[in-house]
Each structure stands twice: as C-alpha cells, then as structure tokens.
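Q: Protein chains in written order, with the numbering used here: chain W, 1 to 333; chain U, 1001 to 1503; chain A, 2001 to 2324.
The set of hints was computed from the structure by calculation and includes no laboratory data.
Built from N, CA and C at the ideal position, the CB exists for glycine as well.
Mixed in with the good hints there might be a few duds.
[Said to hold, decoys possible] Some chain W residues flagged as far from chain U (calculated, every beta-carbon gap over 12 Å): (1) F32; (2) I43; (3) G130; (4) V165; (5) T194; (6) G216; (7) L255; (8) T302.
[Said to hold, decoys possible] With a Cα cut of at most 30 Å, we get these calculated DSBU-like pairs of lysine-lysine: (9) U:K1051 with U:K1180; (10) W:K38 with W:K293; (11) W:K270 with W:K128; (12) A:K2315 with U:K1341; (13) U:K1384 with U:K1341; (14) U:K1046 with U:K1191; (15) A:K2089 with A:K2150; (16) A:K2143 with W:K293; (17) A:K2271 with A:K2118; (18) A:K2271 with U:K1051; (19) U:K1270 with U:K1191; (20) A:K2271 with U:K1341; (21) U:K1270 with W:K332; (22) W:K270 with W:K332; (23) A:K2271 with W:K128; (24) A:K2315 with U:K1046; (25) U:K1191 with U:K1130; (26) U:K1180 with U:K1270; (27) W:K128 with A:K2118; (28) U:K1180 with U:K1191; (29) A:K2271 with A:K2315; (30) U:K1051 with U:K1270; (31) U:K1270 with W:K270; (32) U:K1341 with U:K1051; (33) W:K332 with U:K1111; (34) W:K293 with W:K270; (35) U:K1051 with W:K128; (36) U:K1341 with W:K270; (37) U:K1111 with U:K1130; (38) U:K1046 with U:K1341; (39) W:K332 with A:K2118; (40) A:K2118 with U:K1270.
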Amino acid sequence: MTPQTRKDLVKQGAIWAFIVAELIFFSIAGEFLSVSDKAFMDIDNMLLLLKQSAPIGIIAVGMTVVMINGNIDLSVGATFALSAIVLLDSMTWPIFAGLGDWVIPVSWLLALLTGAVLGAINGLIVWKTGVDAFIVTLGSMLGYRGLVFMYNGEQPTSNLNWTLVDLAEAQFLGLHTATWFLLGATLALWLLMTETVHGRNAYAIGNNREAAVNAGIRVGPHFLWNFVLIGTLAALSAVVFYSESGSVNPNDGMLYELWAITAVVLGGTKLSGGYGSIISTLGGVIAIQLLRKGLGHIGADTETVNLVIGLILIAVLFLDRQLNRKGKEELKT
Amino acid sequence: MTEIPPVLRLEGIVKTFPGVRALDGVSFSVMPGEVHALMGENGAGKSTLMKVLGGIHAPDAGQIFIDEQPTVMTSPQQAKAKGLVFIHQELSLADELSVAENIFLGELPLKSMGRVDWPRLYADTDAILKTLNVGFNARTRVGDLSIANQQMVEIGRALTVDPRAVIFDEPTASLTDAEKSVLFDVIADLKARGVGIIYISHRMEEIFRMTDRITVLRDGSYRGTLETARTNEDEVTQAMIGRSLDLSRNASHHELGEIALEVRGLSCGKLLQGVSFSVRRGEVLGFYGLVGAGRTEIAETLFGLRDPSAGQILLNGVAVRIASPIAAMSHGIALVPEDRKAQGLVLGMNCRDNMTLPQVGDLSAGPFVSNGAEIAIFDQYRDKLDIRTPGWRQLVGNLSGGNQQKIVIGKWLSMRPEVLIVDEPTRGIDVGSKAEIHNLIRDLAAQGFAVIVISSEMPEVLHLSDRIVAMFAGRVIREFTSEEVTEDSLIQAISGITADRVA
Amino acid sequence: MTETTRQNIASVLARQGILIAFVLFMIVFALANQRFIAVDNIFGVIRSSAILGVMALGVTFVVIGGNLDLSVGSMMSFSTIVVLDLHDKVGPALAIPLMFAMTLALGAFIGFLVGYLKLNSLIVTLGMLSAIHGLTLTWSGGKNMDIADKEGTWFAIFGQGSALGIPMPILIFALLAVLLSVLLSRTPFGRKIYAVGGNGTAATFSGIPRARVVFLTYVLSAFCVALAGLMQASRSMGSQNTVGQGLELVVLAAVILGGASLLGGSGTVFKTVIGVLILGFIQNGLLLVGLEFYVQYVVTWVIIILAVWLDIAAKRGRFLSPIA
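Isolated chain W (complex conformation):
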C-alpha cells in the first residue's frame, strides 16, 4: 500500500474531523435557530445530503485524478451540460423511435460517449500541443459552453420519461441511486489510484514529471486517459442528475469546475500535483454539502453559504501553510 507518514494521516483525517465538527455545530445550533422542527442529524436528511453531493462529487473524484497528475480541468461544467443535453434530446431522436423505453440505455451511452469525446479532445490538445492544461480547458470551457448554446439557443432542453425518472428516484438498500453512483465512482477511482499502475504513475508524473519520463512512463497517453476519465465522469454525473430532473438549461453546470476544485483542495490534494487522495476529496465534497445544508437549516441563505465557503477555503489554505512551515529553518523569501 501507499506509504503513510503520521503527518499524512493527520492531514487526511483533518477533513473528517471538520465534518464531525460541522455535524455537531449544526445539530446544536439547529436546536435554537432552526426553522424546521426536525433535528439536523435526521437520517433522511443525511441520506438526502449524500444524494445531493453526487453531482459535484462524481466530478470531484475525477478532478482529483487530473490534479494529482499535475493538470486541471476547467471545462467539466460545460461537459456536464452538453452531456445532459445529449442525454435528454437523444431520447426523442427519430432513429430511436422504435425502441420505446429501451432508448434509455442508448441515451445513457451516448451521453457518456459525449463526455468521453469532449475529454479526449482536451487530452489530445494537451498532449500534442504542449499547451498547459489550465489554458486548454479554459478555452474548452468557453468552447463547449458555446456548443451547449448552439444546440438549442437559450431554451431549456427537456424530455420527461417517467420510466427513467422512476429509475432515478429509486432507492436500493436505503440509499438513493445517485448516492450509489457517487460511492461507486469513489470506490472505482480509489482502487485505480492505489492499486493500479496507471494510478501510481499519476502520482509519479505529478510529483516529478522528468523522473517519470526518464523511467519510460508515457506521459501523453496517460494525460489523455485522465481527461477521458474526467469527461466521462462529468457525463455520468449529468446522467445521474438529469435522468431524474428531465430538463436542462444551457447555463447549468456553471461553476461546477470551481466547486469540484474546491472540494479537492479542501480534501488535501495539492494543486501542484503528486499528492492527494480520492477518499479525502469525497470528504471535501461532503463537507461543502454539509455546510450548505447546515447553514440552510439554521436559516441562513445562499449568500451566506457562498461567503462562508469562500472564507473556509482560504482558512484551509492558511492552516495548511502554517502546518507545513518549518519555523526558524525557513528562509524569508
């Protein structure tokens, strides 16, 4: 298994400690300030929390992989929206008219394929041109969003298929479908990063790219795979969410990349790459969602949530820096 120093465990445990602190805080504060008469830590509430964490969460675990290998993907929100459009719209395409409800898996597949292709485009550009991923995905964030608008102008794209909605709203073993997908994606990616050579190479490439290249690791295809991965996950997230909601606006998914990155960083992954954990990202996602829910529970509004999350992110950065300082040993540059 991966090497774990005590410091690492403390850092990774921090996000979970934070979650526990949030649970305690909001439960107590909720007793005094809540507008509803249910307790904060009500089981339904917590299950709903997991379900609501799924859209950003599925993207965030993918973002973790991309960031560990030293890249970033700012286009996931647009990919999310475009995949959602393909999902909903393809169910009404004349080609599939004869399939009845069997069009659903076909549409799922097409949506996932969309995500994969969009990811592949990003990956190929990063690989073959050498342009930094930040700039490439900054561009594709604009470009893919343009495609989203080009599809149907500023109108929403809707298609309500009740079979699909029923499927999406179902619960297995008490957890929502969306939650299962979130947990599944987390597990799959965790296995990828800790057990497979692709995952270990991601750490190596992010940590010391030159060493990885000299060791014969092919960085280009590696990047391509990771972008395809996150593109597909963005599409998966859209499939999970829009199967239930049935209607997508062209502005949907805006800022999702920023929330995903926030979750990843809160979870302890380094922006510079080479270090990070899928499980901690899940923690980051839950922490953010918990904050949203908790603040809502005590009567605060979206404005305050935004404000608080922003400040917490900064506070986390500051704490991380303080923990990493070596005191007298450090140069004052």
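We have chain W already, so just place chains U and A on it with the hints.
A: For chains U and A alone, coordinates are given in the frame of chain W:
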C-alpha cells in the same frame, strides 16, 4: 590468451550543435570491473557525452559498443535495458512515493488488469536494499530520507536490471565522509561483480583513491587515458586545461584595515550555534565546510534572509539588526548567492535590468526609470569585469555561466558595499572564467572591500583566503590563517574533529 | 530557405504573431461584410469591449507578477451593485468614492493573502470569487439594482457620455491603458513587477519587497475592477447582481491571447489591449456575418488554443510537443 572485451566502448563519437562541435571524435573503453574516471572542466563535453550514451542525443558519427555489440541508444529506459545505467548529479525521484515505487518506477510488477503486485514489489525491493546495506525499508516515503539515502534509492534504481556499466556523475557532492564510504563500498561491490563504472568527478582525492584509469576530455575532444596509479594531479590538470591552474596559496600581503564586520555568538535554531568571527577591510575570509555545515546559513542571516535566534552582528563596531535584504543593503552588506540562476538573476530580463535591479528605484528621475544612468552603470561594470555580451539588451539567460556570474557580481559592486559575501563564486564555471573571478576577488580585497568567500572547493578557498573558518554542523570548529592551514587539518576540522579530539 | 532564415521568420512570427493574426483576421471579416470596418462599428466594438478591457488591464499586472485573479468577475458585480445602491442612498458624489474604497479594500485583502501570507493565488481568488458573490447577494438582498431617477443624475456620464465626439468608455479605457502602460514600462514599480513575476526568489535576493509588490498588483487590479463596475453601472443605470459572472475567465483569455505568460514575468499593456480587441472583434464579426453570439465562444476557444500553441511552438522550435 583471450582478451577480455571491454564492457563499454565508444568509437569516434561526434556531436555537433548549431555553431559548436560539442564532441569531436571521442573514443575510449571501460573494462568489466574497472572504475574509470571521466574528467574535464565544465563545457568539456562530459554531459553531452552522457546524453549521447543515455539516448537523449543521437551522435552524428561514431558507434557505441556494449560487450562489443554495436548498440543504438534511443532513450534512458532503453539504455537501461541494454545494461547502461546513470546515477545523475541531480537526484530525480518522486519524493511523495515510496522507496519501492521509486526504484521500480516505470517497471512496477503487475498482476492482471494493470494492478500492482505489491508483495512482489516489496520483496524485490528488499532484495536490492539488502545488497546496498541500507538502514531504511522499502515502504519509506522518499521525501523523508536524507540526501545520501535518496542517492542510495537512485542507485537501487540502477540495480533493477543487472547493469553492465554504471555511470556516476558527481556522486559525493552532498555526502559526509561516513556516507561517502558507504557509497564507495557499493562501488567496490559493483566492481567485484564485473560491472564497469564510469566515475565523473572534479575531486582529485577521490579520483586518485578510487579509480583505475582516467580519461580526460577538453573542448569536446579526447585528450588521453591515464593510468591512475602512474599519474599525478598535475598531469591530469594539464590534460584538462592545457596548463597548470595557479592554485597556490594566497600570498598577498597588503595592508588590512579595521574590522568591518563582526559576528558574536550568532545562533539560528539548529542551523547555527554560537558562530563568531570578524572580517577586516582588505581581507578575504573564507568559509569552508560540508553541505549543511552552516556556511550559506550565515550568509543568509547576514543578508537578512534569516532571523537569528541569538547573537550580535556589528558593522563598524555598531550593533545592527538586519531584518531583510533591504536592511542589509542599507548597511552595506551584499550577497552574491549560491545559485545564480535561481537566486541571483531573472533569466528573462536583460543584462542591464538585472544589474541595476537593486537600485532601480534610487536611479529614477522623478517617477520614471532613468535609462541613461542604468546604461552607464552597465557599461562601467561590463568593462571592469570584462563581461562578454552582445549588448545590454541581451537576455541574461543567454549568457554563459561565467558571464552570468559576473553580472551578479557587477550588480552588487555597483551598490558599493562595505562587505561583499560571495557564496560559491565559481560553481559550474569554466576554468578560464574561474581564474578571472578569482583575480577579481583578490583585487576587491586589495581595493579595501571586506570579502567573505564561501566555497566547497578546497583549492579555491585556499587560494583566495587570508583566513579560513572551518565549519561543521553549524559551529565554527577552527579558524586558520593562510600560513598555518594544511589540507589535512582543514579536512579534519570540517569533519568535526577538533584539535583536542583526533580520530 | 536556410536554417537561420527559417528560424528568423519563426521568431518574428512568434513575437508578433498575435498582431499579425489579428490584422489578417480583420481583413477576412472586412471582406465578408463591409460594415465591419465602418467607423461607427469599430467605435461600437471598442466601446463594448471597454469594460472588459479595463478589467483586463488590471489583471495583466497581477499575471505579470506571477499570480492569478479569478475573483474579478464577482468583484465587478459587487462594485456595480454597490455603486447603484449607494447612488440612490447617498448620491453619486459619495457613492463613487465609497464603492472604490470598498472594492480596493477587497483587493487589499486578497493582496495581503497572496502577497504577505503567500497563499496560492488560484485557490485564494477562487474562494474570494465565492465569498464576494455571497457579499454581493447579501448587499442586494438577492434583488437586482436599479437607479430610481435615471434622468435626474449626472451619473450616466461614465457609461453613456462622450467628449470630443469619443464615447466616454473608450476615453476611459484608452486613458487608463496609456497611464498603466507608462507605469509598467517606465517606472521602477513596473520593473519590480517583472522581476517578482520572472523570479520571485531572485527579486527578494536583490532587495525587492516582493510581498509589497504583489500586494500592490492586486490593489491596482481592484481599482480597475471598480472602474469597470462604475462604467457598467453608469451604462445601464441598473443591473443584475450576476452581471460580472464568468468575466474572470474571459478577461484571463484576453490576457493570454495578448501573449502574457501565466507563469509571470512577461506581457505588456499593449498586448492585453490587442487581446481584448481580438475578442471584441470576433464577437462583432460573427454577429455581422449572421451567426449567433454563442458561436463566438467556440471561435474564441479555437483562437486561444492556436495562439498559445503557436507561441509555444515558435519558442521550442517544433510544432508538436515533445511529450511522449
């Protein structure tokens, strides 16, 4: 009687880049079980040769033979598969990963579906670590290891195949004597196994202790192979630079002025402990010691980059507090730092702007920069220091190492400091420029500057200094005058052996 | 063609590539639709790019200093909303300086975090994007802002007025560009920004107050954002509280298109202006040939990739990257 074939043979290797013939028909061979030194000054072609052997550059002419099989090198990984392994000067490890994952980087043993075979990985790594006789285990995070141990991991990387030849590039730069002997044991072990070893180093003591033959390169051409047992330092140096380097002791005897800088009991956490010394005007005070001995840390503290935890700094007899480089500059202290590219220069800026950077505000006419004044300063020091550049607009990144270093020196001289600290004045600089910079430093002293020189090269520190401070583990062990110092006593001092404790 | 001639052409292309591409692009569109080069059309484009342009000028300083600022979009929303709201509460003469003070305070806060505390600018400004958005929503109570009496105030002059026949936004943009260009290229402060962005460690080792320089770049950027907010508020005399959303990335795109390196140490005011104009004329050109506005996003995407790719390719001497 059958002849043993060399394990590695180069024949007529030629490599040209636009405008320069980096390798001009280099041929030599390495026998199995031989430790073969490769020497030459910076720019002689050693690193180009390494890149050719490592498959990073394709030679324009010539052939490489491994066990007398002609081989074409295409990449470091492929070179390794052919049996040629490199231990580079700059360690290239993924410090967040474990020792095992680093040693088998790119070669992780696999199970089905791309999964890593962890038990086998650790078993194989343990086997390698055992041959290296190290104290850490396969699961340790590489970033937590000391530099010497990290180097062992690099060597471990070399041993995942059965190498035919291993090339060591300046392996002892950051090692203590104890760590060096561990390294030499490893080399002896490889030697016993019939592996051919190329040993690139500037350190004559090690070359003459460890190696069987010495090949010398100069300006890209092969200058000969000497048998170590039958040659001497002077002959080798002659081959390297075509003349003997004047590294005689500093024999200058000009007038020394009053004490410009005095340090009393300076401490900084664990890095410096109770350091005391003084420098006079007209004097060159040399600091010698191993990496981590505290020399650079003193420079950083004097320049305001570190806060001391105890002690006093006195300039011209007055105690001062130096909280930042700006404060240091106002007190007349200047620092030519250790790493000119990372600390001394902004490579993307031109020569003039780099040189006038500390005083760009002071030189301004009103709110604007004063181009004329800045160019005047550049011209003045370009002439004084003989800096070779097409013009002031040239980007500093395009200059040679020696000229870059002169820009940094010019930058600080133009500030008219009282105390000039120079950390590793000639690191990575060709011998011609080296001599120029040495003369320059001695001239500065003659002009009345108080100069502190920090160096890792004994000949240099002996050549330049009027007095030498030997440091070890953050402490001043002993001070020598240039008359009394001997190489042996100096080495002992910096290894921590004080006068009353002889090993 | 000899090797050196080829290299010379390549290096000229690299340095002036964007400019050349811009000129070519203008020619192509002019041929497609005559209206494109009509004077009033050109003025119109520059006028509508002015607000973005003002923001991009400020971000240029931050980027040259080696940092990013993703908060400028929500900061602009904040400025716009605040000045509109205060206009009706304390009058324009007081509203404007108050808004500037508040925006500068935000910029100073960010500058403190990135400059003095040395926190990562991407994450800090990401967090501030969210926090300032929250602030804006709180201030506006979630509603849009409108000036009650649009006729009876001189406030409109910034966004709608003109002097010497030139629309005010263009004048403001141009004036700011000239001032900032002088600041960047002719003052010690400008030189120091290039040094800090080019090699922060070397800058410190040369006695440059790195923290203060970075801090000031953010304050300057905030000033530009405040100005942009003023122009926006004055132009429409009312606004949604999400008016600036997403602008940070378009601004960044303009700065990148202009050729500044995100690593710091390079870029100029003039180049950023070109980048801004390119984006403006793309949008305009596409509209004039009958395409909807969102096509510009796709075109912008392609142009950014091509522009940066060619810039990198010229520097390394080969088209395809050496990534294996």
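Q: Hint by hint, say whether it matches the structure.
A: Results for each hint:
1. For W:F32, the shortest C-beta to C-beta distance to chain U comes to about 45 Å, beyond the 12 Å cut-off, and the non-interface label holds.
2. The claim that W:I43 lies off the interface holds: its Cβ sits roughly 36 Å from the closest Cβ of chain U, which is beyond the 12 Å cut-off.
3. Chain U leaves W:G130 outside its interface by the beta-carbon criterion, the shortest separation being 18 Å against a cut-off of 12 Å.
4. Its beta-carbon lying about 36 Å from the closest one in chain U, W:V165 satisfies the requirement of being farther than 12 Å from that chain.
5. Against chain U, the non-interface label of W:T194 is violated: not every CB pair exceeds 12 Å, the least being about 9 Å.
6. Non-interface call for W:G216 relative to chain U: violated, since the shortest CB-CB distance, roughly 3 Å, does not exceed 12 Å.
7. Here W:L255 stays apart from chain U, with its beta-carbon at least about 30 Å from theirs, past the 12 Å limit.
8. No Cβ of chain U approaches the Cβ of W:T302 within 12 Å, the least distance being about 38 Å, so the stated non-interface status holds.
9. Only pairs whose Cα atoms come within 30 Å are accepted, and U:K1051 paired with U:K1180 is accepted, the gap being roughly 26 Å.
10. The hinted pair formed by W:K38 and W:K293 meets the criterion: a straight-line CA distance of about 13 Å does not exceed 30 Å.
11. Restraint check for W:K270 and W:K128: satisfied, since their Cα atoms lie roughly 25 Å apart, inside the 30 Å limit.
12. A C-alpha spacing of about 20 Å is found between A:K2315 and U:K1341, which places the hinted pair at or below 30 Å, so the restraint holds.
13. With a C-alpha separation of about 22 Å, the suggested pair U:K1384 and U:K1341 falls inside the 30 Å cut-off, and the hint holds.
14. About 22 Å separates the Cα atoms of U:K1046 and U:K1191, which keeps this hinted pair within 30 Å; it holds.
15. A C-alpha spacing of about 14 Å is found between A:K2089 and A:K2150, which places the hinted pair at or below 30 Å, so the restraint holds.
16. Taking the CA atoms of A:K2143 and W:K293, the gap is near 23 Å; set against the 30 Å cutoff, the hint holds.
17. Restraint check for A:K2271 and A:K2118: satisfied, since their Cα atoms lie roughly 28 Å apart, inside the 30 Å limit.
18. Restraint check: the Cα-Cα separation between A:K2271 and U:K1051 comes to about 39 Å, which exceeds 30 Å; the hinted pair is violated.
19. Distance hint between U:K1270 and U:K1191 is unfulfilled; the C-alpha atoms sit about 39 Å from each other, more than 30 Å.
20. For the suggested pair A:K2271 and U:K1341, the alpha carbons sit about 28 Å apart, so the restraint of at most 30 Å is met.
21. For the suggested pair U:K1270 and W:K332, the alpha carbons sit about 17 Å apart, so the restraint of at most 30 Å is met.
22. Of the pairs offered as hints, the one joining W:K270 and W:K332 holds, with about 22 Å between alpha carbons and a cut-off of 30 Å not exceeded.
23. For the given pair, A:K2271 sits about 26 Å from W:K128 by alpha-carbon distance, which is consistent with the 30 Å threshold.
24. With a C-alpha separation of about 27 Å, the suggested pairing of A:K2315 with U:K1046 holds against the 30 Å cut-off.
25. Note on U:K1191 and U:K1130: the hinted pairing holds, with a Cα-Cα distance of about 17 Å set against a maximum of 30 Å.
26. The suggested pairing of U:K1180 with U:K1270 holds, with an alpha-carbon distance near 24 Å, which does not exceed 30 Å.
27. The hinted pair formed by W:K128 and A:K2118 fails the criterion: a straight-line CA distance of about 34 Å is larger than 30 Å.
28. Distance hint between U:K1180 and U:K1191 is fulfilled; the C-alpha atoms sit about 16 Å from each other, no more than 30 Å.
29. Distance hint between A:K2271 and A:K2315 is fulfilled; the C-alpha atoms sit about 18 Å from each other, no more than 30 Å.
30. About 40 Å separates the Cα atoms of U:K1051 and U:K1270, which puts this hinted pair outside 30 Å; it is violated.
31. Of the supplied pair hints, the one linking U:K1270 and W:K270 holds, its CA atoms being roughly 29 Å apart against a limit of 30 Å.
32. Taking the CA atoms of U:K1341 and U:K1051, the gap is near 22 Å; set against the 30 Å cutoff, the hint holds.
33. A threshold of 30 Å between alpha carbons decides the hint, and for W:K332 with U:K1111 the separation of about 48 Å lies outside it, so the pair is violated.
34. Simply put, W:K293 and W:K270 have alpha-carbon atoms about 27 Å apart, close enough for the 30 Å limit, and the pair holds.
35. Annotation: proposed proximity of U:K1051 to W:K128 holds, straight-line Cα distance about 24 Å (limit 30 Å).
36. For the suggested pair U:K1341 and W:K270, the alpha carbons sit about 26 Å apart, so the restraint of at most 30 Å is met.
37. Of the supplied pair hints, the one linking U:K1111 and U:K1130 holds, its CA atoms being roughly 25 Å apart against a limit of 30 Å.
38. Restraint check for U:K1046 and U:K1341: satisfied, since their Cα atoms lie roughly 21 Å apart, inside the 30 Å limit.
39. Taking the CA atoms of W:K332 and A:K2118, the gap is near 11 Å; set against the 30 Å cutoff, the hint holds.
40. A C-alpha spacing of about 25 Å is found between A:K2118 and U:K1270, which places the hinted pair at or below 30 Å, so the restraint holds.
Of the numbered hints given earlier, the model fails hints 5, 6, 18, 19, 27, 30, 33; all others are met.
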